[in-house]
Amino acid sequence: MIAQLFRFKGGIKPNSHKDESTTQPIKLAPLPPRLVVPLRQSARAMARCIVEPGQDVLKGQVIAVAEGPLCTAVHAPTSGTVRAIEPQPIPHPSGLPAPSVVIEPDGEERWVERFPFDIATATPQQARDYLRDCGIVGLGGAGFPSHVKLGPGEKGIQTLILNGAECEPWITCDDRLMRERAAQILAGAAMMRHITGARRILVGIEDNKPQAIEAMRQAARELGEKEIGVVAVPTRYPAGGEKQLIRVLTGIEIPYGKLGTHFGVQCFNVGSAHAVYRAIAHGEPLVSRIVTLSGNFERPGNFEVAIGTPIRDLLPLAVPRADTNRYIMGGPMMGVGLQSLDVPVIKATNCVLAGSPTLFPAPPPEMPCIRCGECAKACPAELQPFELYWYSRAKIFGKAQEYSLFDCIECGCCSYVCPSRIPLVDYFRFAKAEIWAREKEKAAADTARERYEFRLAREEREKQEKAAKLAAKTAAGREKAAAALAEAQKPARTPEEEAKHALIAAALERAKAQKEQAHPENVSDLTPEQQAEITAIEARRAEIREQAKPHLRQDD
Amino acid sequence: MIEALLVMALGAVILGAALGYAAVRFRVEGDPLVEKIDAILPQTQCGQCGFPGCKPYAQAIAKGEAEINQCPPGGDEGIHKLADLLGREYKPLSAEHGIEKPKSVAVIDEAACIGCTLCIQACPVDAIVGAAKQMHTVIATQCTGCELCIAPCPVDCIRMEGIAETVDSWKWKYPVVALRRVA
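Chains as they are written, first to last, in the numbering used here: chain A, 6 to 561; chain B, 70 to 252.
Calculated directly from the structure, the hints in this document are not laboratory data.
We put the CB at the ideal spot given by N, CA and C, even for glycine.
Any given hint could be a false lead.
Pairwise CB distance ranges, derived in the manner of DEER restraints [stated by the list, open to error]: (1) A:E458 with B:R94: 26 to 32 Å; (2) A:E25 with B:L154: 54 to 60 Å; (3) B:D195 with A:V70: 49 to 55 Å; (4) A:R460 with B:S173: 51 to 57 Å; (5) B:D145 with A:L475: 46 to 52 Å; (6) B:K172 with A:R460: 16 to 22 Å; (7) A:R49 with B:I219: 34 to 40 Å; (8) A:V70 with B:E146: 39 to 45 Å; (9) B:H166 with A:R460: 18 to 24 Å; (10) B:I219 with A:A127: 40 to 46 Å; (11) A:R460 with B:K132: 46 to 52 Å; (12) B:D195 with A:D61: 45 to 51 Å.
Straight-line alpha carbon distances no greater than 27 Å define the calculated DSSO-like cross-link-like pairs of lysine-lysine that follow [claimed, not checked]: (13) A:K437 with B:K132; (14) A:K468 with A:K478; (15) A:K447 with B:K160; (16) B:K202 with A:K437; (17) B:K105 with A:K447; (18) A:K263 with A:K14.
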């Protein structure tokens, strides 16, 4: 089916250490006494919690609904009681806590009612919404929501690529999954092909996993479809990188700023295909995943673990050796060190690696860069890591961006080959984070400027409005005065007005006469003595007034 | 002789027309230097520089009336950027204008707020909502941390709170180079 495989530039060939954990079949991990389910499962967005502490939940019950385009729902991994909704440490390089739902399992594993989803009659949009509500995210490690990737993109999707390369050393969860559940993976892939309308499916598996390749080929034969191709790709890290695998299988090189969908290609992890199958065929949301426990363990292996199981409860399954001094979530190349064992397994957790001073010795001290160019030879993104290193180290971020810093996939090849043992990826991560933070800051400053200028404009407008109001008021007063003046100067009245005026005058006359008739009672019937007394008082008053007059004037 | 004069005159006319057209066609609105300086300033609008906002400060710098080290929120990095842009000498932050502090937001103690609206009038970016005799609150995402609302509050119910680091705002740190004892 495939005439030719292509190559990507660079890459490394570390010892793959796959055999340690592939000998045993996948085992079911027991339920821990306490599950911590972070609300932030898909890489970029946090779901909205809809349960309350004390509430009983069933396995697969929605505990948080998706909000926003890059969000997926979160479900209860088992039946039990919600004990708390609080910030808990999550597996993140920062080690900071994030809102999580703490569930105490009742051990009964009672499911919610599950209904298979009828994909044949549903529209692609309905199917994508269903997968979002089932909480399906990419299980390869980045945790990007699958329903977004299943969207049609610009030109539609012709080729669906299943990523079974699993290129990072030590990790074997996809390998065991393909060996044991090949038919389910391909059934899930067929469903995704139906949703996207793709023509063919390519499964890329590194050739160091012959059993997995054989199992997948067998399943493809049993399915009897010609358009499913299982391809063994050369083992070379990072063959499982999305852009690298697309390059190897199709020869398409995806340029900066573009996605696979621009070229009709979309890539999914085999675990995601399996989760899609469980969701559509059995109505089961994503509540568990396969996790590899490997490294410095007595009994390394793969386990099906409920999402939210604390790492601490997981470790006894593989029995860590006595000299274990640290744990890494993910592989040795791209994983992040765990700062606490209380962090739970999330949907993106593919591996927990135990390290010891002999197995993963502490990095030797960094030496100066000698510009040997080994990193540029190893870089699968075809960058010049040494240039990026100079600029990141000197914090000249603009230049680092000119050298395509954001094309870096942080695979760690450059750090691996560096003879001066410079932690190059750490510098790139620092530079990327700093650039993002600055962009955010700039956006905030722009908003502040806009709001400040708006405020100034508003104050100016209010001032003008006030002035206009005052002017209008003054104008109204003047008009009134002018009107009164005009009234006074009005010439002779009309006969009608004259009659009205006469009536009013007559009424005033009557009122006056009435008033004169009414005398004040206390001065009506006075004796002559009383009258004389009043006259004398009035005279005195007049005299006093006369005397007071010059004083008043002086006061003035 | 006359041909030479004509050729030169024609050349002058053509070039003059071209320049005139370019002056109209590529006319620059406003002062681009002020815009550039304003883009470096943090837009806190706090007035610590002695000017009523970031834009007036930018204008003063452009005119050469103000030093480049009067902006505490912009900090050392801001001064370096201004020095690079303007070709001026770097100077440490002038102490009389304040000190560089970590970014923070204003928080109103809503139980103590009497609804006097004084802080609303003081806020340069309209980040406080409320009405007379009603409780006020700060829109944290819009707050620039300028501290202008603190002084007018008659009941001292506004305080500045540092912004806590979350999973979303966390940044990878600068790689620490381990020192090795050689002797």
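Checked hints:
no.	hint	verdict
1	A:E458 with B:R94: 26 to 32 Å	holds, 28 Å
2	A:E25 with B:L154: 54 to 60 Å	holds, 57 Å
3	B:D195 with A:V70: 49 to 55 Å	violated, 33 Å
4	A:R460 with B:S173: 51 to 57 Å	violated, 21 Å
5	B:D145 with A:L475: 46 to 52 Å	holds, 49 Å
6	B:K172 with A:R460: 16 to 22 Å	holds, 21 Å
7	A:R49 with B:I219: 34 to 40 Å	holds, 36 Å
8	A:V70 with B:E146: 39 to 45 Å	holds, 42 Å
9	B:H166 with A:R460: 18 to 24 Å	holds, 23 Å
10	B:I219 with A:A127: 40 to 46 Å	violated, 57 Å
11	A:R460 with B:K132: 46 to 52 Å	violated, 24 Å
12	B:D195 with A:D61: 45 to 51 Å	holds, 46 Å
13	A:K437 with B:K132	violated, 36 Å
14	A:K468 with A:K478	holds, 15 Å
15	A:K447 with B:K160	holds, 24 Å
16	B:K202 with A:K437	violated, 47 Å
17	B:K105 with A:K447	holds, 13 Å
18	A:K263 with A:K14	holds, 19 Å
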